[in-house]
Each structure stands twice: as structure tokens, then as C-alpha cells.
Amino acid sequence: MTAYLEVTGLNKSFGGLQALRDCSFTITQGRITCLVGPNGAGKTTIFNAITGFLRPDTGSVAYRGNPLDGLSPQAIVRHGIARTFQNLRLFADLTALDNVLIGINGQFAEEPLGAIFRPFHAASTQRRRSAEALTILDHVGLADRARELVRNLSYGEQKLLTVARVLATGAELLLLDEPASGMSAGALDNIMALLRRLQTEGKTLLVVEHNTRVVQQIADDVLFLHQGHLMAQGTPQEIIADPALAEIYFGGAI
Amino acid sequence: MDFWFSYVTLAAIYVLLGLSTNLLVGIVGIFSVSQAAVFGVGAYVVAHFLMATNPISFLPALGISALCCILLNVIVTLPSLRVSGDYFVVTSFGIQLLATAVFTNWTEGTGGANGLPGIPPPDLFHRPLEETWQLMVLCLAGLALGCLCFFLIMRAPYGRLLRAIREDELAIAAAGKNVLRAKVSAAALAGAFAGVAGGLYATFLSFIDPSSFDLDASILLLTMVVVGGARTLAGSIIGPFLLLALPQLLTLVDIPSTFAAAMRQLIYGVLLIVFMLFRPQGLAGERL
Amino acid sequence: MLWLQLLVNGLVTGCALGVVAISFSLIYATTKIFHVAHAGVYTMSGYIAWSLVTRGVPDLLALLMAMAAATVLGALIQSQLYARLERRRATHLVILIASLGTLAVIQNILAAVYTPNILQFPEPWGANVIAFAGVRLTWTQVLTVAVCLAAFGAVVWFAHFTILGKRIRAVASNPFLAQITRLQPQTVYVIVVAIASAIVALPGVLVPLDFGLQPYGGVTPLLTATIAMIAGGVGSIGGAFLLAVGIAVLQNLSLLVMPGEWSIGITFFVFVIFMLFRPTGLFAAAR
Chain A
1 MTAYLEVTGL NKSFGGLQAL RDCSFTITQG RITCLVGPNG AGKTTIFNAI
51 TGFLRPDTGS VAYRGNPLDG LSPQAIVRHG IARTFQNLRL FADLTALDNV
101 LIGINGQFAE EPLGAIFRPF HAASTQRRRS AEALTILDHV GLADRARELV
151 RNLSYGEQKL LTVARVLATG AELLLLDEPA SGMSAGALDN IMALLRRLQT
201 EGKTLLVVEH NTRVVQQIAD DVLFLHQGHL MAQGTPQEII ADPALAEIYF
251 GGAI
Chain B
1 MDFWFSYVTL AAIYVLLGLS TNLLVGIVGI FSVSQAAVFG VGAYVVAHFL
51 MATNPISFLP ALGISALCCI LLNVIVTLPS LRVSGDYFVV TSFGIQLLAT
101 AVFTNWTEGT GGANGLPGIP PPDLFHRPLE ETWQLMVLCL AGLALGCLCF
151 FLIMRAPYGR LLRAIREDEL AIAAAGKNVL RAKVSAAALA GAFAGVAGGL
201 YATFLSFIDP SSFDLDASIL LLTMVVVGGA RTLAGSIIGP FLLLALPQLL
251 TLVDIPSTFA AAMRQLIYGV LLIVFMLFRP QGLAGERL
Chain C
1 MLWLQLLVNG LVTGCALGVV AISFSLIYAT TKIFHVAHAG VYTMSGYIAW
51 SLVTRGVPDL LALLMAMAAA TVLGALIQSQ LYARLERRRA THLVILIASL
101 GTLAVIQNIL AAVYTPNILQ FPEPWGANVI AFAGVRLTWT QVLTVAVCLA
151 AFGAVVWFAH FTILGKRIRA VASNPFLAQI TRLQPQTVYV IVVAIASAIV
201 ALPGVLVPLD FGLQPYGGVT PLLTATIAMI AGGVGSIGGA FLLAVGIAVL
251 QNLSLLVMPG EWSIGITFFV FVIFMLFRPT GLFAAAR
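Chains as they are written, first to last, in our numbering: chain A, 1 to 254; chain B, 1 to 288; chain C, 1 to 287.
Bound conformation, chain A alone (with noise of 0.2 Å):
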């Protein structure tokens, strides 16, 4: 049976910088997968590099046993993998909902000659489309924030919003990029609850994620990454409990 992700001896360097170093593991479907380990250690390199926007070295990335090698971001997300990103990147001036919408594939409209000579059609389906990224927005839980612009949402909820413009996609594979950090208690506890009931709707997620908290409860799998290698794969347990792990991971602090 192919794996569901294939990620084969990636290789990436910058300059004098080996980012990634015959870098290999599988995602399994239906799982919720960490991506851990210290900083520099290559994993959002990992994610530019499955997701189109970079191109490795060597090494090949494979979706339901179809390479992904060479094809762009966006033929990779209809290929049905997204992702979020560290610095969040949401179109700031725009609203909730436009971010949710500039996601959602195969609108009416969305050049200029539909724009001129079908208005009406474009006015109805625009409306519909609106309905879908409302839902959305709900699923996240942030419906009632649907009209604000993005510069006028809190952190916690331009986070939100992020998972919201993935979803919006219709991607399967879900990669979200360090989708917990700088959240409150409270709002942690939220995200974890989504990532969860997300996992029972059919997605696959592999998230990059510092917070040893995080990675026990919704992790299934852990993958723990150092310098552009993995190093190690296991159960949260197993590699929390690890201690040679822990020192790489702290520094030798505990």
C-alpha cells in the first residue's frame, strides 16, 4: 500500500547551509503527525519544500504515490495539501471572510471577462460562496468576526483565521505551521479542540509545533527532527521520555 505522504531523502542547502539532510519519513492518512525539534532544524524548510515553494536538492515528495516533484504551489494545492504559515501572512486589509473566501477553488468570476459580462450570475454565486466561507468561519468559531478586517483581529483569532483559509481550500493534507504559538491558555485549548475535531472530519495533519503540551495531547505521531535530518519517530511518549532527544532538544537542560 503507498504511503500516503512520501517524503524521500530530501536534500537543501543555502549557500554554505545544509538546511536538510537526507531528510525521509511517511505521514499516514487519517493521523495527526508532529513535526518537532530545535530551531534550525529544518522544519519549515520541510514544508517549502513539499508544498512547491522551494525546490530540493535531491530527493523526491510523493502524494498518494504521485510525485510532487517540480509543480508549483498552487497545482499542489489542488492536489489537495496546504499550509499555514509561521508569520501567518493573512491579507491584512481585507476581512475575515474575504481571507476564507481568497481560498475557496473554482469561483465564478475570479477574472475579469466573467466580472464584466455575466454580473448577475457573478452577484448569485459570489453570495453562495459567501454562505461556504461563513460555515467555515463558524467551523473555526469565528463567525461572528466574519466582517472585521484582519488588521483588527486578535492573535488568537488571526490564527484561527489561518486554519480557516486552509480549510477553505478543501485540501486533505493539512500542514499547519506552528498553529498554537503565542496563544493563550484559553485559546489553546481551542485550537487543540479544532485540530482535533478537524482529524475526525478526515484530515490529515502534520503540525510544527515547540509546545511539549501540545504535542501530547493531538499528537498520534511525533517526528523529531535535527539539522535537516530525522532523527528519531515515535509515539508523543516515547520521545518526550527520550533523554538524548531532550538534550538536543533544551540543550542539555531539562
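Because the hints were derived from the structure by calculation, they are not lab data.
Don't be surprised by glycine CBs; every beta carbon is placed ideally from N, CA and C.
Do not take every clue at face value.
Residues of chain C clear of chain B, computed beta-carbon distances all greater than 12 Å [unchecked claim]:
#: 1; residue: 75
#: 2; residue: 122
#: 3; residue: 186
#: 4; residue: 211
#: 5; residue: 255
#: 6; residue: 256
If you want the footprint, here are the derived chain A segments under chain B, 3+ residues with CB under 8 Å [claimed, not checked]:
#: 7; segment: 67-76
#: 8; segment: 87-96
#: 9; segment: 101-110
Start from chain A and add chains B and C according to the hints.
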């Protein structure tokens, strides 16, 4: 009365150009000093087809002109969008200077530096519009159509996509949308507006020459968008109406004619600097 | 031997264009600003020199004063306009538009003061010709080559062998790092634009000796110079100079087959070729 008709007609034509420049510069964010060149292509193409040995009617000529200008804009923006923005500055200057060279030196096609006189008035369904007021109504109709198109585009998902592209292209790609296609279609649209404006201009003035389509003219178009305001319909309308009133105001001050052109361009330059320093959103627009 | 004459003419103009190219490249590589107003500084220097020379100021002094005026203008533009805009976090587009506005202001002040007609330098000595191997060179042409090659050498020496030059290159390669160390990028920017403006005054005065002064005559040389910079590879001083000479030679040789008004087409053609096949240029600086 004729004076007012002329002013309004010309302003209407320049609003179409303002919409065109606003699309490129205000909305997509490309620095363009070649809009006057595209405007010129539109004007010369329509003039050519109306004065050919087998002349065609005005509206089809306008269609051909729009098509040519769309093609021109797409060809020019397509490669340059893939490299850094500064390279497009070079391309834009090059296109403008090249176009001026063609307009001035290709005497068989464009009449050279002496221009093309005797362009017939536009005809609607084989009835020529010769009265000034008729031309004004035609151009105002063009203005209304142009504004309607702009309004519909910006209200549609396409408008949202363009606004978001200006903020963060990478995030757009991550959302699964094609950035290049959106930018090129905006450039194509800008070309269409400029082509139609060119046709209206040629038939309204009945005489065109390269000096209306040179670098100075492109700077004027840029000034209209900067002063009126970027990315809004109001800005695209206010800019041209205001700046076309400027030459009239200057005639009230006693300046020798050799001075006048330099004075105008000097004022445009000052306006550009002042607005960029103190009011980048123009009078009725959004921040550039 | 027409082609030889054209080749030599091209080499001469190329040296002048090369200096414009390296001065522009200095500014662009350091400040990352596409300083189109540089064409205005170039043009203004010629007019200042003309005004001085026609009032009896000795030639060399007039050149030096023109260079001084250019330095002041360039430094003002950077410190009062660009620096101010950058402090307000203006977008690239805004700065470009402001630069274009500045160019328009400079050119049109010149046009208002000196009229838009072509002005000639009253320099009878410049027209003296030396002839060899079927080629005629005016003294002005010889002077142009000598001065511009010297300027090129000076810039290369300055960039690689002086402390200020190294500081400039450090700021250019990593402005962020420069910000948090003691390199003071903003001061460096003003210095760079001042120096580059002084340098561009050289061809700004020498070229009009043969070709005359025209208020709007700076745009085409600037465009050619920027294309030379890009084709040579941003950050490569030698590359910019070399490509400028190459393009000028090409433009002059093309006169054998087409009229001079189309020479802008040659320049643009070179640009398109490079954009299609080698957008980073021939000698792009190693990152």
C-alpha cells in the same frame, strides 16, 4: 459652449486612460511609464482603419485597436512579471521610447513627426457624428461603460484577488490561486481601456501626432492617478478632470508658449513628489 | 573604413555610457533604489558647465564646479527625498514615482531656463582632429575616453581598496546587518549617491561637448546604462562598464544597416535577449 464640450470630452477620454493606468499602477502595483505609448497605438490603429482605402466602421476599428493594445500589454508584461519589479521599469521606459521612435520615424504608417491629419469623425451605424456635442455624448458613454467595467471587476472575486495580490503574493500561491494569470489579465484590461481611449481621441481631435503619446504624456497619466487617488473609481475620475483643467488655469497667467509646456510638466513633477511625500493616497484613493 | 570609424565612435560613446552605468550601479546596488532622477543629475551637470564656460570660467574649473553641483543635488535627493520616504516605509513604487517626479522637475527647470533647444559648447579646440588608420578622432573624443577610463579605474580601486569602499560594499550586501552594527546605512547611502552623482557629471559634461545640450537628453543614456548594468550583472562594476561599451559599439555599427533613430531598438533588443536567456546578467555578484 464648445469649450466646455471639448473639456468634458477630453476629460472623459482621459478618465478611460486613468482607469487603465490605475489598473496597472494602482491595483497591480507595476510602475508604468508606457501607458501613453499604448494609448498612441490605439489612436494610430483606429486612424489607420478609418482612413484606409477600404475604411471600416468606427466600432469594429475600436475593437481591433483594443485587441492590439491588449496584445501589446500582455506581451510587455508577461516576461517582466517573472523577474523583479525594477526590470519592468526598464522595460516600460524602453517600450515608451521605442514607441515614440516608431511614431516619429515610421512615416508611412504614422505620418511621422508631422502626424496624421484628416481623421474622419466616428460613425455609429453609418451615421457620422460630426457635432461637438455628439462626440461628447459618445465619449461620455465610453466613460460610463469604462467605469461600469471597473466597478464590476473590483466588486467581483477578481477584484478581491487583485487587492490580495498587492498585499502578499506568496499567500495567494499558498491559497491555490494563480498570481501571474491575474496580473496579466489586469494588464490586458488596462490595454483594452487604453485602446478604446486612443480611438476616441483620434476621431475627436481628427489629428494626432507623436507628441501626444510620449514620455511626458505617460508622466501626465501617472500624475492623474497619483493626484486623483489609486485603486478607486473616484480617483480615476477626479485626477483627469482636475489635471486637464490645469492648462486652462495656466492660460490665465501670462507665460510664453515655449515656457508653457515645460511649466506644465514641471507642475506634474512637483505634484508627483509632493503627493508621494505627503499624501500617497491621493485625493480620493487608497495608499499607493 | 566606415565600420572602423563607427567602431571607434562606439568605443568612445561606450566609455561615457560606461561611467553612467557604473555610477547608476553604485547607487542601485547599495540603496536598492532605481534612481531614475540620476538622468536629471547627468543632464544638469552639462548645463552648469555650459553656463560657467560661457561666462568665461576656465574649462577645468567649470568641470569641477559642475561635479560639485551634481554632488550636492544627488545628496539632497537621497537625504531629503528618498530617506524621508523610506522612514515612512514607502513602497518601492512610491519611491520610484517620487524619483520620476524629481526627474521631471529637473528636466523642466532646465528647459524653462535654457529653452528646449539644443545648446552647443563654445569649444573650438575640441573639434581638432587626429587621424590615423583611416579613423578620425576629435580631441573631445580622446578626452572622453581618457577621463572615463580613469574614472572607471578610480571607482574599481575605491570599491576594493579603500575602507569607505569596503564599508559601502558591506552595506550593499546586507543592509539589515549593517543597520544593527555600526555601519549606519543611511549615511552610507547619502555618501554613495553623492559620489555617484559627482562621477556621472563627468560624462554629463564631456558628452555634450560633441553632441550638444538638450534638457530631455538624459533619459536615453540612462536607459542604456541601466540595461548595461542589468546585462552585466547587478553588483559587477566591470560588467556594467563592459556591457555599456558593447551596447554602444553595437548601436554605432548598426548604423551601417539602419537609420540612427532606431538605435533605441538595438538597446532594447539586447535587454530582451538577456531577459529571456540570462536575467541575472553575465557577471552577477556572488551572493
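Comparing the hints with the structure gives:
{"no.": "1", "hint": "75", "result": "holds, 17 Å"}
{"no.": "2", "hint": "122", "result": "holds, 23 Å"}
{"no.": "3", "hint": "186", "result": "holds, 17 Å"}
{"no.": "4", "hint": "211", "result": "holds, 17 Å"}
{"no.": "5", "hint": "255", "result": "holds, 14 Å"}
{"no.": "6", "hint": "256", "result": "holds, 18 Å"}
{"no.": "7", "hint": "67-76", "result": "holds (count 3)"}
{"no.": "8", "hint": "87-96", "result": "holds (count 6)"}
{"no.": "9", "hint": "101-110", "result": "holds (count 8)"}
Comparing the model with each earlier hint shows no violations; every hint is respected.
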